[in-house]
Amino acid sequence: MEKNASPPLVGEYLLKPGFIYLPRHPTAISAVLGSSVSICLYDRKLGIGGMNHFLFPCAQPSKRPTAKYGNVATTALIRMMLKNGATLKNMKAQVVGGAFHPKIMSRDIGRTNLETARTMLKKQKIRVVSEDVGGEIGRKVVFNTTNCEIAVLKVVRLRRSDWYPYDPER
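The sequence shown finishes on residue 150 if you use my numbering, and the numbering steps up by one all the way, no holes.
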């Protein structure tokens, strides 16, 4: 392996809505997003990363606080990273998702999800290094946890094959 090269990926993981994933080994984490948002967090010193995938901005006091909510999912992902040796000053974030299609949805929850993501990261002083957000079409994101690279594919109409890894039996 050449100097400064990332370790090879040893896994693939499809992150479903309402979940968080911080792998132990180099992994390509993927998610399919519409109005939902994913935050890809990376610690540049440790070379580790994790990702959340949330559907709603904030858990209300009357609701059970789960990772479906941005405030809960983001706090939990940051805590998981810290527990694994990361530090806030070495973390950087990439934010993806938050689409709004007025013909499909009556409310722009994507914008509110994005506001929550940005607010939570700013509160912890985690720098956002890139965003691919908003608009009217969905996205498929693939996040390499060893080097913080992401690939974003835009999808107008969600097909079964957009889910990665693709399972024809699904």
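Any given hint might turn out to be false.
[As the list claims (entries may be wrong)] Straight-line distance between alpha carbons at most 25 angstroms, and here's what the computed SDA-like set of lysine to any residue pairs gives: (1) LYS102 - LEU(-11); (2) LYS120 - THR55; (3) LYS63 - TYR(-7); (4) LYS103 - GLU129; (5) LYS105 - LEU(-11); (6) LYS25 - LEU101; (7) LYS48 - PRO(-12); (8) LYS134 - PRO82; (9) LYS63 - GLU(-8); (10) LYS63 - LEU(-11).
Simulated from the structure, these hints should not be mistaken for laboratory data.
Since we're looking at a predicted model, the values are computed, not measured.
Here's how the hints hold up against the structure:
1. Distance restraint check for LYS102 and LEU(-11): the Cα-Cα separation of roughly 30 angstroms exceeds the 25 angstroms cut-off, and the hinted pair is therefore not satisfied.
2. A distance of roughly 23 angstroms separates the Cα atoms of LYS120 and THR55; the hinted pair therefore holds under the 25 angstroms criterion.
3. Taken as a hint, the LYS63 and TYR(-7) pair is honoured in the structure, with Cα atoms around 21 angstroms apart against an allowance of 25 angstroms.
4. With a C-alpha separation of about 24 angstroms, the suggested pairing of LYS103 with GLU129 holds against the 25 angstroms cut-off.
5. With a CA separation close to 29 angstroms, the supplied pair LYS105 and LEU(-11) exceeds the 25 angstroms bound.
6. A distance of roughly 19 angstroms separates the Cα atoms of LYS25 and LEU101; the hinted pair therefore holds under the 25 angstroms criterion.
7. A C-alpha spacing of about 31 angstroms is found between LYS48 and PRO(-12), which places the hinted pair above 25 angstroms, so the restraint is violated.
8. For the given pair, LYS134 sits about 17 angstroms from PRO82 by alpha-carbon distance, which is consistent with the 25 angstroms threshold.
9. Restraint check: the Cα-Cα separation between LYS63 and GLU(-8) comes to about 23 angstroms, which is no more than 25 angstroms; the hinted pair holds.
10. Distance hint between LYS63 and LEU(-11) is fulfilled; the C-alpha atoms sit about 22 angstroms from each other, no more than 25 angstroms.
Hint compliance for this structure: hints 1, 5, 7 are broken, all remaining hints hold.
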